[in-house]
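Asks: Once you've looked at the hints, dock chain B against the given chain A.
Protein chains in written order, with my numbering: chain A, 1342 to 1509; chain B, -12 to 649.
Careful, some of the hints might be misleading.
Below, a list of computed lysine-lysine pairs in the DSS-like style, where the Cα atoms sit at most 27 Å apart [as the list claims (entries may be wrong)]:
(1) K588/B x K193/B
(2) K1375/A x K524/B
(3) K1482/A x K1375/A
(4) K1459/A x K524/B
(5) K1434/A x K588/B
(6) K124/B x K24/B
Among chain A residues calculated to face chain B with C-beta under 8 Å, some are [to be verified]:
(7) R1390
(8) R1402
(9) S1455
(10) W1486
Hint data in this document are derived by calculation from the structure and do not stem from the laboratory.
No experiment lies behind these values; they were computed from the predicted model shown.
Don't be surprised by glycine CBs; every beta carbon is placed ideally from N, CA and C.
Residues per chain are reported as follows:
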Amino acid sequence: MEMKTNGWQPKIVAFFCNWCTYTAADLAGVSRMKYAPNIRIIRLMCSGRLDPQFVMAAFARGADGVLIGGCHPGDCHYVEGNYKTLRRMTLLKRMLADLGIEEDRCRLEWISASEGDKVKWVVNDMTEKLRALGPLDLPGKHKEWDAEMEALEKEVQTQQEGEPSHVH
Amino acid sequence: MKTKTNGEARIGFYVCHCGTNIAGVVNVAAVAEYAGKLPGVVVSRDYKYMCSDPGQELIQTDIKEHNLNRVVVASCSPLLHEHTFRTACEKGGLNPFCFQMVNIREHDSWVHDPGDPATEKAKALVRAAVKRVALHKPLEVKRTRIHPDVLVVGGGIAGIQAALTLANGSQNVYLVEREPTIGGHMAKFDKTFPTLDCAACILTPKMSAVAAHPNIKLWTYSEVVKVDGFVGNYKVQVRRNPRYVNEELCVGCAKCVDACVYKEEKFEDEFNEGLAKRKPVYLPFPQATPPVVVFDPDACIQLKTGKCKKSCLEACDRDAIIFDQKPETKEIEVGTIILATGFRTFDAGRLPQYGYGTLPNVYTSLQIERMVNASGPTDGHIMLKDGSKPKAVGIIHCIGSRDNRTNRWCSRVCCMYSMKLAHLIKQHTGAEVFNFYIDIRAPGKGYEEFYEKLQEEGVHFIRGRVAEVADWPLTKEEEGKLIIRVEDTLAGFVRRIPVDMVVLATGLEPQPDAQEVRRLFNISCSTEGWFLERHPKLAPVSTFTDGIFIAGCCQGPKDIPDTVAQAGAAAGEALSLINAGFIELEPNTSYVVADDCSGCKTCIPLCPYNAISRDEEKKKAVINEAICKGCGVCVAACPSGSIVQNLFTDDEIFSEIEAVLG
Chain A
1342 MEMKTNGWQP
1352 KIVAFFCNWC
1362 TYTAADLAGV
1372 SRMKYAPNIR
1382 IIRLMCSGRL
1392 DPQFVMAAFA
1402 RGADGVLIGG
1412 CHPGDCHYVE
1422 GNYKTLRRMT
1432 LLKRMLADLG
1442 IEEDRCRLEW
1452 ISASEGDKVK
1462 WVVNDMTEKL
1472 RALGPLDLPG
1482 KHKEWDAEME
1492 ALEKEVQTQQ
1502 EGEPSHVH
Chain B
-12 MKTKTNGEAR
-2 IGFYVCHCGT
8 NIAGVVNVAA
18 VAEYAGKLPG
28 VVVSRDYKYM
38 CSDPGQELIQ
48 TDIKEHNLNR
58 VVVASCSPLL
68 HEHTFRTACE
78 KGGLNPFCFQ
88 MVNIREHDSW
98 VHDPGDPATE
108 KAKALVRAAV
118 KRVALHKPLE
128 VKRTRIHPDV
138 LVVGGGIAGI
148 QAALTLANGS
158 QNVYLVEREP
168 TIGGHMAKFD
178 KTFPTLDCAA
188 CILTPKMSAV
198 AAHPNIKLWT
208 YSEVVKVDGF
218 VGNYKVQVRR
228 NPRYVNEELC
238 VGCAKCVDAC
248 VYKEEKFEDE
258 FNEGLAKRKP
268 VYLPFPQATP
278 PVVVFDPDAC
288 IQLKTGKCKK
298 SCLEACDRDA
308 IIFDQKPETK
318 EIEVGTIILA
328 TGFRTFDAGR
338 LPQYGYGTLP
348 NVYTSLQIER
358 MVNASGPTDG
368 HIMLKDGSKP
378 KAVGIIHCIG
388 SRDNRTNRWC
398 SRVCCMYSMK
408 LAHLIKQHTG
418 AEVFNFYIDI
428 RAPGKGYEEF
438 YEKLQEEGVH
448 FIRGRVAEVA
458 DWPLTKEEEG
468 KLIIRVEDTL
478 AGFVRRIPVD
488 MVVLATGLEP
498 QPDAQEVRRL
508 FNISCSTEGW
518 FLERHPKLAP
528 VSTFTDGIFI
538 AGCCQGPKDI
548 PDTVAQAGAA
558 AGEALSLINA
568 GFIELEPNTS
578 YVVADDCSGC
588 KTCIPLCPYN
598 AISRDEEKKK
608 AVINEAICKG
618 CGVCVAACPS
628 GSIVQNLFTD
638 DEIFSEIEAV
648 LG
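Next up, chain A with everything else stripped away, as it sits in the complex:
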């Protein structure tokens, strides 16, 4: 694996359901499959527990990608939680697009408990795609935007104080 280009490494936050994808990740481990160390897995009981805010929070805190893993359609341990995830993802993806977050940065995958090799493939593939996209750096952008807002506010303030402002 190529490491460290300018020190930047994509950061992936993953939400895996307990019954299928988390277990598949365990299987990948037991089978000693090597994959990119860029992923941080958070366990949920069901992908249906995924609140879209978790995805937003991950991006806001500096994730370059978010991976959601659930059971295959029809296989959900809780009957149909993964369908609800799919529904939420459809809406969330539109919102992310409007925010200018590239599609490849948020990914939903169905990975069953026996598909350790799929965990490996998906993590590696996503890491490569994120590497090609480069950093998202929402926290950095937030700082920039905050600075812009602050500057604007200052400008408005000075105008209200009655002093003519300079034209940029």
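Replies: For chain B alone, kept in the frame of chain A given last:
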């Protein structure tokens, strides 16, 4: 027991070396040092094996000495040892849910190379757990009662063994079988390897015992159509298909079969693998259990057209025939379920180069089993289509096994049953027998010895995957013969071996409806389609669904001894639950914070278990925690954030997100 939990978090952190499994990749000392500086951490240690007794005692002592109220262990998967460490916490006087586990083995050291990235990942995961555990609240374990009755699905040797073990232990068992009789594949065999016991002699007493057992309710010609509920409390619907016979009255005298208007046997006999014919009304085989005839609705004139003179009705002196019998649905309640739904054999027609279905005298192994069986279609005589005895027989191994074009797995039983058939063919006909094999797999008690015995008997073993069974002779000796073309990889040249009969050692495959069955019971399949066990070594008959166990070939190819052992194990697992009388459930259910609920009803239709209702007086949602399974779907959907899932609260998950990102 006194449980310490509240107030300022005092966290004990432990990182496990797991020998070199973790320590060989992750710098555990660095992780421990790092964790020691995290807010709230009072003790931070690394230890060789945390799951060992001294490792667990370490936690218990620290809880007391350092007045810990939270514990984090970074080691293997929580699916493996969460229970171990929760128990250790409890023994130390801490509520077991004030604990969090970090998976740095399966999710880190086993999938990454040694070095900084793996250690950094471990630190990030530890950071998240430490931050999250501070928010944990003490929880009470819920218990659910286990209904003592058991459902066994499948009446082959696995289902029979499991049902008898349970019934002998005084449990009520429902045994449901799709076919008109129990016995499964084993009932078709003549002898069993390597002891050459007669299959019927060892199986039929068990079949009779099932039918006669006061604790077993046997439903053949029946299928499970619906499963509701959860461990301890399953509600199951079983459809009893009409066999057009009153089972209570029929004694299997078969007078109706003799009296049938069809004087000839015209319809394919499934039990004899198509080597014989049967009538529209038939008893599958002499020892069929229950000994009750069955009418084939696709063959019986009365059932097809309603216009038959019904001579069978007159012949039956017990008035057992009911032509207007309808399917009947039975509803039962059981606490545990054992699936023993078996396998099917590979369809040899999928490999046309071996001539099955196109060349005469090419048979599957199961057909030869029937042929060599004294109660089979040829009365135990191995014969060619023209009735003569074969002088040379070729047995081709690995048909639909160990083959990238069909099935990659080894079917485990074919080498042994091929050798058994070789022995029987030689014994019955005196023919020269050639085995064509890739590798001989004889790993069992007495198996290798059986292989040696066969070699001493003069059975030929040729190592090579057969290219083709041909019918084009090159020499006079080959005329009228089946020619097996094979590269003899030990001799190092290509051979043509003329034989009179070819036996294809077909492999084992999952049942064609394995996927539907596993969905019905909410369990998983491996990629090949075998039912997936909870752990390949330590929970081989358990599934990811509590209270549902698997046994026999539905879990993967295996021989009779292994199948019987698994069936016993599955029965033991069920008995263990029944004996305990209850099971402890993970308290990860959800509840509504009434003050925050706006009564919008968004959550109500989302719950797959109908656990949420609306209190019309207060105009608030209410979750019945006894029904809730803890998926958290409603929590994620609640617009006012008023639903909380224990162990997976929003705060806990947000804290993890924040912490893994540094």
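Asks: Next step is simple, just say for each hint if it's right about the structure.
Replies: Comparing the hints with the structure gives:
no.: 1; hint: K588/B x K193/B; verdict: violated (55 Å)
no.: 2; hint: K1375/A x K524/B; verdict: holds (22 Å)
no.: 3; hint: K1482/A x K1375/A; verdict: violated (33 Å)
no.: 4; hint: K1459/A x K524/B; verdict: holds (22 Å)
no.: 5; hint: K1434/A x K588/B; verdict: holds (25 Å)
no.: 6; hint: K124/B x K24/B; verdict: holds (23 Å)
no.: 7; hint: R1390; verdict: holds (3 Å)
no.: 8; hint: R1402; verdict: holds (4 Å)
no.: 9; hint: S1455; verdict: holds (4 Å)
no.: 10; hint: W1486; verdict: violated (19 Å)
Figure legend: structure checked against the earlier numbered hints; hints not met, in rising order: 1, 3 and 10.
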